[in-house]
Amino acid sequence: MAKITYIEHDGTEHVIDVKSGLTVMEGAVKNNVPGIDADCGGACACATCHVYVDEAWRDKTGTSSAMEESMLDFAENVEPNSRLSCQIKVTDALDGLVVRMPESQH
Amino acid sequence: MSDPAAHVVIVGAGHAGGTAAALLRQYGHAGPITLVGEEPIPPYQRPPLSKAWLKGEADADALTLKPLEFYAEHDIDFRPSTRALSINRGAKTVALSDGSTVPYDALILATGARAIALPIPGAELEGVMFLRTAADAELLKATIGSGKRLAVVGGGYIGLEVAASGQALGAEVVVLEREDRLLARVACEALSTFFKAYHEQHGVVFELGANVEAFEGAQGGASGHVTGVRLAGGRVIACDAVVVGVGAHPNDELARDCGLETARGVVVDLDARSSDPSIFAIGDVAHRPMPIYSRMFRMESVPNALEGAKQAANAIVGRPQPPGECPWQWSDQYDLKLQIAGYAFDVDQILLRGDPATAKFAVFHLQGDLVQSVEAINSPPEFMMGKQLILGRKPIDKGRLADPSISMKEVAA
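Line order of the protein sequences matches chains S and F. Letter 49 of the first sequence, counting from 1, is numbered 49 in the numbering used here, and no numbers are missing. Letter 341 of the second sequence, counting from 1, is numbered 341 in the numbering used here, and no numbers are missing.
Misleading hints may appear alongside valid ones.
[To be verified] Capping the alpha-carbon separation at 30 Å, the derived lysine-lysine pairs in BS3-like fashion look like this:
#1 S:LYS30 x F:LYS141
#2 F:LYS360 x S:LYS19
#3 S:LYS19 x F:LYS141
#4 F:LYS148 x S:LYS30
#5 S:LYS19 x F:LYS148
#6 F:LYS51 x S:LYS60
#7 S:LYS89 x F:LYS51
[To be verified] To give an idea of the chain F side of the interface with chain S (calculated C-beta under 10 Å), a few residues:
#8 HIS15
#9 GLN26
#10 PRO48
#11 PHE70
#12 HIS74
#13 PRO322
#14 GLU325
#15 GLN329
#16 TRP330
#17 LYS337
#18 GLN339
#19 SER379
[Stated by the list, open to error] Which stretches of chain S does chain F cover? Using the computed rule of at least three CB atoms under 8 Å from a CB of chain F, they are:
#20 25–36
#21 43–51
#22 69–79
Hints listed in this document are in silico derivations from the structure and should not be mistaken for laboratory results. As the structure is a computational prediction, the values presented were derived from the model and not from experiment. Beta carbons: idealized from backbone N, C-alpha and C, even for Gly.
Work out the full structure, taking the sequences as your base and the hints as a guide.
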């Protein structure tokens, strides 16, 4: 279990307890947090679950795969801390994670 | 409409119906929402049923769109194991199989499609299965496994995904396809050839041009468990289980019965609204306009379910519709990621970018110098940029598009 803070583009915060084993994307979608669309349900096929990982958490959330990089390259407003949240698995070590959402996923 | 107290009834609790319910709440709809579904479980994702779930890489929790508690917490009256029997458009009510009659101000039909059965002897045998619902997948998973022989009827995407997953579970898989190539209805020849070779490398056997005449059972006929598939000419392919994946038929009977305009699916506009302004249709059952192709058609995909859910929810709460869409879909088989953008309508040229031998290439379907559709294998840039090119109707330089050493961003610049 990890407490994850999802911050919408307009600053609205959602603090959610997410079960280990789910992805950061699933934690948002299953709790109806707006701003993460995840059209493909986590298949790394759509780039609509783009988030910015809080600087303090970049190491713990790992690095993106070549496929993820390649998809992210075509998302809007990509930053060095951009990730696809369907590719970040939740573990106890991510307790306290903060992610921010872009203005739009499309 | 945009009546904040409106009662919205959603018939069908699949990906489209479940998403519509959640979006209505997310968009601030305050009125009652009733979500009626035939299956005993809350809305879930179907794509993993033939892929990660079948291979045991995803559990039931991961499949659900939202946990069961979500519906009560968001004041959504979710009624599982319940069918809608009829719609009374005059009284604006829906009669349900639990004996109740539910009034609606807005009704969303999200009844989906059902797997087409083969009208041949033995179709009722045990072990002759479809793959549409979680229950179907449960049964299939329990049936196939190491050393089992699985016959897949239909070489479309479902059939190929089941073949790949069956192979991964240790089954011996044979795919029987009526046409002389795989994916005949949905993909170009280059892709058919590529997929066949890739599956063969993984041990799948194909019978093309195969006319399935009957399923044979243990007791020498049409009862008990399936033991084989008989082809025209009499040859029998022995098997322990069969999956039939030969397409789906829209569940549009409720709409037909109450006189809505239908055309193999419920005819709707860009607000997902049917010929009755209080009734919407979304997902697999909707026959809807696709402006970039100047035509109407019916699609079966998650992105289509989501788009319809957004359109109906926006129309009901009075929000503007999102900008134009490029339809898309995906398939995972082995380590292949296939992403398809658009549909190959009115195409006069097919252009290959990359080398299929590397399992990383894309097939562009062109009309003049406009991209109509792209099928991308392990090639996200081609897919992502292809989507933008299709939607933007931006002419491209074919010579540059065919040259993989020029990046997609440069091609589109």
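Taking each numbered hint in turn, which are not upheld by the structure, reported in ascending numerical order? Numbers 2, 4, 5 - these are the hints that the structure violates, sorted from lowest upward.
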